[in-house]
Structures are given as structure tokens and as C-alpha cells.
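Engineer: Throw the hints in and build the complete structure from the sequences for me.
The sequence shown begins at 12 in this note's numbering and counts up by one.
Please note: incorrect hints may appear among the correct ones.
Calculated pairs, EDC-like style, for lysine to aspartate or glutamate (alpha carbon to alpha carbon, straight line, at most 16 Å) [stated by the list, open to error]:
1. 57 <-> 45
2. 183 <-> 161
3. 57 <-> 19
If you are wondering where the hints come from, they were derived from the structure by calculation, not from laboratory data.
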Amino acid sequence: SDALPYLDYFSLPGNERYYDFTWGPIHFFALDSDENEPDGINAGSKQAAWLQEGLAAAASPWNIVYMHYPPFSSGKHGSIDWMQWPFAAWGADALLAGHDHLYERLQVNGIPYYTNGAGGGGLYDFVNILPQSQYRYNANFGAMRVTASETELLFEFYSRVGNLKDSYRVMKP
Numbered sequence: 012s013d014a015l016p017y018l019d020y021f022s023l024p025g026n027e028r029y030y031d032f033t034w035g036p037i038h039f040f041a042l043d044s045d046e047n048e049p050d051g052i053n054a055g056s057k058q059a060a061w062l063q064e065g066l067a068a069a070a071s072p073w074n075i076v077y078m079h080y081p082p083f084s085s086g087k088h089g090s091i092d093w094m095q096w097p098f099a100a101w102g103a104d105a106l107l108a109g110h111d112h113l114y115e116r117l118q119v120n121g122i123p124y125y126t127n128g129a130g131g132g133g134l135y136d137f138v139n140i141l142p143q144s145q146y147r148y149n150a151n152f153g154a155m156r157v158t159a160s161e162t163e164l165l166f167e168f169y170s171r172v173g174n175l176k177d178s179y180r181v182m183k184p
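Structural biologist: Written as C-alpha cells, this is what we have:
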């Protein structure tokens, strides 16, 4: 009820459901994409207004938004329409999500969107390949590594056995 086990276990910034923090050159914005979020989950919600204001005020070179449910995914659960907010227009440089147990890189409105749920649960098939999909992998488990400098973001996905499967670089003009 009301995410109490989660909130009791973790000590997080802000209201602990959605919050932000800066680590090196990246300003991270964590969203609560669960439909039970009391401050709403659509682009007109209180949570969305908080994100839009935070992205506009961010002073870091990079802004990464992350959440559980992917706005866009070619996997079993597919795209979650209530999370299809104008992230790029608001100032996000990339978006990370999970939920579908696979790895996918998409390009949406000029920024990379990642669905990465390939960390350990049973892997899913790709069901409906979206036109925005640029790379897909579900042959093995894996993990992402993101390296950041003031001028570059490098996203890498490695399979469980250490093979680099996908690499994508974002540069500041």
C-alpha cells in the first residue's frame, strides 16, 4: 500500500517517489511511472511539471531521465503511452527505462531512449518492432555502462559474457 516497503527501505531525496540528483557531469531525474503515483503520470501531471521545471533549471552538461516503464519499447509489454512526455523538448539528453526484459535503443525526437531489462529475469522476444528502434538484443543477459564527460556521453551495452553489443555516443555541439 502506497509503496511503503520501498519507501521504508530506501532513503531517497525529495518525496522519494520522483527525485533528482547530480553525479559528475550528469543531472539525473528519477520518475515514478507507476499508475498509482499520487502526483500523476501523464504529461500534464504535477510530477511532469516538476520534471519540466527541473530540466529547465539544470546547470549540468547532461540531463538523463530514468523510470521503470518505457515510453517506447518493441518488447512484450510494449510502449507505455502515459509516459510519452516531450522529454527532448523539455531538455532531456537521454532516457533510460526497464520493464521489458531485453535491450533496445531507440531514437525518439532526437534523443536516445533505452529499454534495458536484460539484467536477470527471463528474456522476452521482440513483438512489434517500432520504427524508432535502432538496435535490439535479447540473446543473453547484459548490462549498460554509461561514461560521461563535459562534452560526451557514451552508452555501451555488454552481454553477460563481456561482449560489447551496442555503443552509442552523444556529443555536445
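Engineer: Out of the numbered hints, which ones does the structure contradict?
Structural biologist: Result: hint 3 breaks, nothing else.
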